[in-house]
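Spelled out, the chains give:
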Amino acid sequence: MGGVTREKEAPRPADADRLRVNLCGTELDNPVIPASGTFGFGLEFAEIYDINILGTFSFKGTTREPRFGNPTPRIAECPAGMINAVGLQNPGVGQVIREELPRLKQVFHKPVMANVSGFSLEEYAETCALLDREPQVGWLEVNISCPNVHGGGMSFGTDPKQAAAVTRAVKAVTRKPVILKLSPNVTDIAEMALACEEAGADGISLINTLQGMRIDLKTRKPVLANLMGGVSGPCVFPVALRMVWQVCRAVRIPVIGMGGISSAEDVLEMMMAGATAVEVGAANLRDPLACRRIIEDLPAAMDRYGIRNIRELGGH
Amino acid sequence: MKQSLLWIEENIPLARDVFRMRLTGDVSGVERPGQFVNLRLEGRFLRRPISVFDRAEDGITLIYKAVGEGTRQLARMTEGEALDALTGLGNGYDLSRAGDSPLLLGGGVGVPPLYWLAKELRGAGKPVCAVLGFGSREDVFAEEEFRALGCDTRVTTVDGSYGRKGFVTDAMPESCSYFYTCGPEPMLRAVWAKTVSEGEFSLEERMGCGFGACMGCTVRTKSGPKRICKDGPVLRKEEILWEE
Ligand SMILES: Cc1cc2nc3c(=O)[nH]c(=O)nc-3n(C[C@H](O)[C@H](O)[C@H](O)COP(=O)(O)OP(=O)(O)OC[C@H]3O[C@@H](n4cnc5c(N)ncnc54)[C@H](O)[C@@H]3O)c2cc1C
Ligand SMILES: Cc1cc2nc3c(=O)[nH]c(=O)nc-3n(C[C@H](O)[C@H](O)[C@H](O)COP(=O)(O)O)c2cc1C
Ligand code: FES
Chain A
1 MGGVTREKEA
11 PRPADADRLR
21 VNLCGTELDN
31 PVIPASGTFG
41 FGLEFAEIYD
51 INILGTFSFK
61 GTTREPRFGN
71 PTPRIAECPA
81 GMINAVGLQN
91 PGVGQVIREE
101 LPRLKQVFHK
111 PVMANVSGFS
121 LEEYAETCAL
131 LDREPQVGWL
141 EVNISCPNVH
151 GGGMSFGTDP
161 KQAAAVTRAV
171 KAVTRKPVIL
181 KLSPNVTDIA
191 EMALACEEAG
201 ADGISLINTL
211 QGMRIDLKTR
221 KPVLANLMGG
231 VSGPCVFPVA
241 LRMVWQVCRA
251 VRIPVIGMGG
261 ISSAEDVLEM
271 MMAGATAVEV
281 GAANLRDPLA
291 CRRIIEDLPA
301 AMDRYGIRNI
311 RELGGH
Chain B
1 MKQSLLWIEE
11 NIPLARDVFR
21 MRLTGDVSGV
31 ERPGQFVNLR
41 LEGRFLRRPI
51 SVFDRAEDGI
61 TLIYKAVGEG
71 TRQLARMTEG
81 EALDALTGLG
91 NGYDLSRAGD
101 SPLLLGGGVG
111 VPPLYWLAKE
121 LRGAGKPVCA
131 VLGFGSREDV
141 FAEEEFRALG
151 CDTRVTTVDG
161 SYGRKGFVTD
171 AMPESCSYFY
181 TCGPEPMLRA
191 VWAKTVSEGE
201 FSLEERMGCG
211 FGACMGCTVR
221 TKSGPKRICK
231 DGPVLRKEEI
241 LWEE
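Residue numbers (our numbering), protein chains in the order written: chain A, 1 to 316; chain B, 1 to 244.
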């Protein structure tokens, strides 16, 4: 602990500056982004902490029409994680613009990520065109893990041609950065990412949930009314990390890594795999202060691993 | 909502598989009878929602049944251990609608949220009738507590081993100004069908968060989709749409 060696070191950058990253041309104060579907429109969390400390957040998956979603039970537990079959419940893009975004503006003063879902190319394009006009929307995150009603129920996210078609349809109606959110339920994730990049995507985010189910031993029936749902939480972290690694080696555009992140160390690991920023999902449900804790823990975790600036890790 | 660390002061068996837990700490988030807390348990990913049985200045009391892994783990915890709790969740009962002869109908571990309610109603000088239904003699709890408040307390058991044989709907008075109920769904459906007055129901759903963020607990109602954890757990009789 000699003062001499200390003086030789370059001055340690302020914590605030050490966490900054650039996501598709917009500076984020830090790479931590609550994931769509686990943060609503931010209001519940704004009750217990200042959500302006976040890099940004991705709001609840929005569709053109209001959706009730699936019947309950929609939630099951599993070791180190959970399974959800919410079924994209949301009030529809019209009400999101009329009611949610004005409320959001009161508590969140940064650009927000709009998460969009659809069941046809036209629906994706119409919803994105409406959100494109909203000044607070900084990025469009397009969730392609939904079945294409015109494609025999096959998910847009499992066919590279369809993923590319969604990308083109959305790019044609917006000048905001378009981030394609990939489903992990494919055999070749890099191929999906490449197809989106070639079609003009500005970024990739992954992973969405992995398909799974639980059966109740007492009733011998599936726990979820929908029978199956999407697994998320710490149990998916190694799978997510592997896919982020593969995608980062296949494309040049920025990648947002997610799946099971619940600590500052998880953030660093995901960024070492090549992610530019990260999203945090299920952890917010178990611990509503999870993102604040992760952001607060990052500088000390970086010190432990000799990381001066977080952007020096894998990202672009 | 508030996140607080609460300390276990007591965790004792009350009836078959049923335990009473007293917790002390910052409970300023707990505002109204009918609200619940969501407890984080070591090694379980999701929290466990439990209603507030009673509230004091410096703590709360819960009554819960060990039915699965999480609640069994809760039952093994001892005095001096801490629990991470989200408090003040849910809308709670609307006391302003009680009228002059409120009726409380509780079944099994649906009884707990009605106790603090009874206490508040008695505090406001109202005569309260409480009908508490259980499976069998070994399952009965909280009867003395309701009596001590001065409620007209009636106990039913399905097998007739204690109190009156039958269901809560067999022992309820002919009329009341308003009713409040909580219990297993078959009981709630019977109450819904057999009551003539207005009233409110506390419902249960599996929860992802317990504070309104995940849409994991939404049900259809006559006034649109409602999140049981945030817009509920208490719904008015006239809003309820029973599925099927
Ligand atoms: C608003 C509300 C208030 C409640 N109040 C009480 C109370 O005062 N006393 C009491 O004994 N019980 C109460 N319950 C039920 C209690 O939450 C469940 O018994 C408990 O979650 C079961 O957990 P487990 O791990 O033992 O069971 P498991 O079956 O192992 O749990 C697996 C998963 O299913 C969920 N789950 C299982 N049963 C229920 C249920 N009935 N309702 C909601 N989620 C469930 C668990 O939370 C967990 O996520 C309440 C439930 C709700 C929704
Ligand atoms: C309850 C719940 C709802 C979700 N809803 C959406 C959604 O509307 N749109 C979307 O793109 N992803 C949705 N997701 C997926 C998450 O955004 C995230 O991709 C996934 O959960 C993996 O991250 P995690 O392990 O940190 O939760 C949802 C996840 C959960 C748990
Ligand atoms: S449990 Fe998450 S919204 Fe109700």
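Keep in mind the hints are simulated off the structure, nothing from the lab. These numbers were taken from a predicted model, which means no experiment stands behind them. Ideal Cβ placement from N, Cα and C applies to all residues, glycine included. Treat the hints with care, since some could be wrong.
Far from chain A by the CB rule (all over 10 Å, computed), these chain B residues [what the hints assert, rightly or not]:
#1 Gln3
#2 Phe45
#3 Leu46
#4 Lys65
#5 Val155
#6 Gly160
#7 Ser197
#8 Ala213
#9 Thr218
#10 Lys230
#11 Ile240
Under the rule of at most 27 Å between Cα atoms (straight-line distance), these lysine-lysine pairs were calculated in the DSSO-like manner [said to hold, decoys possible]:
#12 Lys221/A / Lys126/B
#13 Lys2/B / Lys65/B
#14 Lys218/A / Lys126/B
#15 Lys65/B / Lys110/A
#16 Lys237/B / Lys222/B
#17 Lys105/A / Lys161/A
#18 Lys222/B / Lys126/B
#19 Lys194/B / Lys222/B
#20 Lys171/A / Lys110/A
#21 Lys194/B / Lys237/B
#22 Lys2/B / Lys105/A
#23 Lys171/A / Lys161/A
Results for each hint:
Interface exclusion of glutamine 3/B from chain A breaks down, the closest Cβ pair being 6 Å apart, not more than 10 Å. Against the 10 Å criterion, phenylalanine 45/B falls within the reach of chain A, whose nearest CB is about 6 Å from its own CB. At roughly 5 Å from the closest C-beta of chain A, the C-beta of leucine 46/B falls inside 10 Å, breaking its exclusion from the interface. The beta carbon of lysine 65/B sits about 14 Å from the closest Cβ of chain A, which is more than 10 Å, so the claim that it is off the interface holds.
Here valine 155/B stays apart from chain A, with its beta-carbon at least about 27 Å from theirs, past the 10 Å limit. The beta carbon of glycine 160/B sits about 26 Å from the closest Cβ of chain A, which is more than 10 Å, so the claim that it is off the interface holds. Here serine 197/B stays apart from chain A, with its beta-carbon at least about 28 Å from theirs, past the 10 Å limit. The beta carbon of alanine 213/B is not kept farther than 10 Å from every beta carbon of chain A, the shortest such distance being approximately 5 Å.
Not every C-beta of chain A lies more than 10 Å from that of threonine 218/B, the closest at about 6 Å, which undercuts listing it as non-interface. With a least beta-carbon separation of about 8 Å from chain A, lysine 230/B fails to lie farther than 10 Å from that chain, contradicting its non-interface assignment. Non-interface status of isoleucine 240/B relative to chain A is upheld: no Cβ of that chain comes within 10 Å, the nearest being about 14 Å off. Proposed proximity of lysine 221/A and lysine 126/B is contradicted: the alpha carbons are some 45 Å apart, above 27 Å.
For the hint linking lysine 2/B to lysine 65/B, the alpha-carbon distance of about 24 Å falls within 27 Å, and the restraint holds. The straight-line distance between the Cα atoms of lysine 218/A and lysine 126/B is roughly 42 Å, outside the 27 Å bound, and the hint therefore fails. For the proposed pair lysine 65/B and lysine 110/A, the alpha carbon gap of about 45 Å is over 27 Å, so the pair is violated. A hinted pair counts as satisfied when its Cα atoms are at most 27 Å apart, and lysine 237/B with lysine 222/B qualifies at roughly 10 Å.
About 37 Å separates the Cα atoms of lysine 105/A and lysine 161/A, which puts this hinted pair outside 27 Å; it is violated. Taken as a hint, the lysine 222/B and lysine 126/B pair is broken in the structure, with Cα atoms around 31 Å apart against an allowance of 27 Å. Straight-line distance between C-alpha atoms of lysine 194/B and lysine 222/B comes to about 20 Å, which keeps the hinted pair within the 27 Å bound. A hinted pair counts as satisfied when its Cα atoms are at most 27 Å apart, and lysine 171/A with lysine 110/A qualifies at roughly 23 Å.
Distance restraint check for lysine 194/B and lysine 237/B: the Cα-Cα separation of roughly 12 Å lies within the 27 Å cut-off, and the hinted pair is therefore satisfied. For a cut-off of 27 Å, the pair hint linking lysine 2/B to lysine 105/A stands: about 23 Å separates their Cα positions. Proposed proximity of lysine 171/A and lysine 161/A is supported: the alpha carbons are some 15 Å apart, at most 27 Å.
Consistency note: the structure conflicts with the earlier hints numbered 1, 2, 3, 8, 9, 10, 12, 14, 15, 17, 18.
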